[in-house]
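Asks: Fit chain B to the known structure of chain A by using the hints.
As a plain string of letters, each chain reads:
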Amino acid sequence: MLDGFNPRHVRIVGSYWMRFSLRTGGGLVAVLLALVTGLTVAQVFITPVENVIAGAPELGHTEDEAIDEIGRIAQSEQIVNMVEWLTGQDQSEVEYLLGEQPALLSVIWLLLLVCFPFLTALSSFNQTAGDIGSRGLRYLLLRTERANIYVGRAIGSTLFSLGSLLLLIVMVALYVGLKLRLYSFGDVLGSSVTACLALVLLSLPYIALCGWVSAMFDSAFAALAMCLVAIGVPIVFIKIADGVSDMDLAWMERLTPWGWKYELLSGDIGIRLLACAVMLGFTALFGALGLMHFHRRDL
Amino acid sequence: MSAALVIDGLRKNFGRVAALEDVSFEVPAGSLFGLLGPNGAGKTTLFSIAAGFLRASAGTIELLGVDSREVSRLHGRFTMLPQDAAFQGGIPVIEQLVMFARLNGFARDEAEVRAMQALELVGLGESAKRNARALSHGMMKRVALCQAFLGSPELLLLDEPTAGLDPENARMVRNLVRQMRGSRTVVLSSHNLREIQDLCDHAAILHEGRLEVCDSMENLTSKGFLVRITLGSPLTDAAAAELRAIPEVSLLERTSPEEFNLTLDLASPDDKNGVLKTINKILIGTHDLVPRSLNEGASLETRFLEITGGVYDGSSSS
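If you read the protein sequences in the order shown, they are chains A and B. All residue numbers for the first sequence refer to the numbering used here, where the first residue is 23 and numbers rise by one. All residue numbers for the second sequence refer to the numbering used here, where the first residue is 155 and numbers rise by one.
Bound-form chain A, shown alone (with noise of 0.2 Å):
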């Protein structure tokens, strides 16, 4: 399956992929998306804190008590039964992500995992499907492998979404470091990488399962719809089988990605290790997948 594979093809299948599909109008949509769709989830959070910040002096408190103020929302019980029902994590990471992590900063990293493989989806879903269906690949077939398209175009889907991520990421971390000056800038900058991490970790198996949906499909819209119900079908069942079972489970989800993800910021080092193992043990397994079937249909 992966006789001939050749690097550079991977280089240059890839390279002039990201390049058409950016110019083509595709790739640019799905950046903005990811843009939007972040900066949304993010605002839902900061507007709040800044009302708080700029409110303070009316009611007679300086910025240090009003930021000293969030900080105690931020650990209010409230705030830990909503992290704690939203993760499913034990009281101990729930404390890990809300007191020695910023606070702001971890609650919109949360939020991002839980959109981030439905933004990838976005990015990920035509690595071949259109071209199969408009038959785009077979001057490139002439020249190069199956593998060397297959895994050019999953890498260069891989470096589309880091890109984006990484554009909402740095915006993010600047307007709370800068800006809102509730952390200190390592604290900003740690929990920033370490979000990239993850959020990365998390996109690789989902674009793996994009390109194996796209390699299944002759039309991008037909492998845009699949590619979110395979993301959203088997979570949404088994959080339905898990509410009407008497049984628990809620062990299923760690079937998939999904069930993975918040591990991914876990305060436990050997956790985290744990998931990103899990993470590109999907990736590789989705990958094989997509790849054996890419290499085996009529293109």
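I should point out that these hints are in silico values taken from the structure, not numbers from a laboratory. These numbers come from a predicted model, not from an experiment. Don't take each hint at face value.
Per label pair, the in silico range of CB-to-CB distance [to be verified]:
hint, chain 1, residue 1, chain 2, residue 2, range
1, B, Gly194, A, Gly48, 30 to 40 Å
2, B, Arg332, A, Gly185, 45 to 55 Å
3, B, Val267, A, Ala310, 34 to 44 Å
4, A, His315, B, His229, 19 to 29 Å
5, A, Thr46, B, Gly292, 18 to 28 Å
6, B, Ala172, A, Thr46, 33 to 43 Å
7, B, Glu274, A, Arg33, 24 to 34 Å
8, A, Gly47, B, Gly292, 23 to 33 Å
9, B, Phe168, A, Ala272, 21 to 31 Å
10, A, Gly93, B, Arg287, 48 to 58 Å
11, A, Gly47, B, Ser370, 47 to 57 Å
12, A, Gly47, B, Glu274, 24 to 34 Å
Positions of the beta carbon are idealized from the N, C-alpha and C atoms, including for glycine.
Replies: Leaving out everything else, chain B in the frame of chain A:
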């Protein structure tokens, strides 16, 4: 003569439909080879399997000694004009050709030069920076041809290279193909039988997914040589019977009382004159029937129709 393309027991099914059934033949190296067949005969499917686009259900194709599933290993030694592949819309054609040239193994600078040369070869040098979407159908066809001429391919498969081109550009393509005789192996499909007869030295005819015949053009045309005769008076039954009795005459068809077609199976093209003399002797000498006109040729068409049982109107092709 060694074979540039070897097809062995090839079969392809699309669901329950068999597009190709046990097709085997060889294309001699350095030849111009015509692949003929009516619509749906399996020509494009065969090309697509050869190029690795489609997977064969059974059998193999070897191109320059390499299995078609690993065809990209030929790195520019083999290329093809696919019938229905698309270029990226919204991207200048030169950039796409540079990418193909780079995948053929050229460094970026060399790839740019090669791409430009190929565009100029098909008369599109001035359109290099135009978006693929902004080009007409005929121009896109020439860009597609241009990618097939990138580098120095030893084996080219051209699927209907002149379809959709105006007469001038069709002639240019035919001249380009003709120039490759002896130095490269070219397999081309076309519905224009005169074009194939004019260009090719070998041909194969597919019909309903099966190989009906594969031979040199000389043998193919000698076996189906057509003579159209118009007489000054109606052909008599006695004369018709005598004409049918000529060993080389395989078919006599009356198209009107005065007109008829004779299909000749000649052991060698050199036998043609002898048979024509015999025909004239029977008509003029024995039955006093003077031919007003005698046209010969279109023999590939005859052979094609004999095999496929179809109706071909050569006038519709450019």
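Asks: Hints first: check each against the structure and report whether it holds.
Replies: Verification of the hints:
For the pair Gly194 of chain B and Gly48 of chain A, the supplied restraint of 30 to 40 Å holds, since their beta-carbon distance comes to about 35 Å. For Arg332 of chain B paired with Gly185 of chain A, a C-beta distance near 50 Å keeps the hint of 45 to 55 Å intact. Judged by the Cβ atoms, the range 34 to 44 Å given for Val267 of chain B and Ala310 of chain A holds: they are separated by roughly 39 Å. At roughly 26 Å, the beta-carbon separation of His315 of chain A and His229 of chain B lies within the given 19 to 29 Å, and the hint holds.
Between Thr46 of chain A and Gly292 of chain B the C-beta distance comes to about 23 Å, which sits within the given range of 18 to 28 Å. At about 38 Å, the beta-carbon gap between Ala172 of chain B and Thr46 of chain A stays in the expected band of 33 to 43 Å. Between Glu274 of chain B and Arg33 of chain A the C-beta distance comes to about 28 Å, which sits within the given range of 24 to 34 Å. At roughly 27 Å, the beta-carbon separation of Gly47 of chain A and Gly292 of chain B lies within the given 23 to 33 Å, and the hint holds.
At about 45 Å, the CB distance of Phe168 of chain B to Ala272 of chain A disagrees with the hint of 21 to 31 Å. Between Gly93 of chain A and Arg287 of chain B the CB atoms are about 56 Å apart, so this pair conforms to the stated range of 48 to 58 Å. For Gly47 of chain A and Ser370 of chain B, the Cβ-Cβ distance of about 52 Å falls inside the hinted range of 47 to 57 Å, so the restraint holds. Distance hint check: the CB atoms of Gly47 of chain A and Glu274 of chain B are about 31 Å apart, consistent with the given range 24 to 34 Å.
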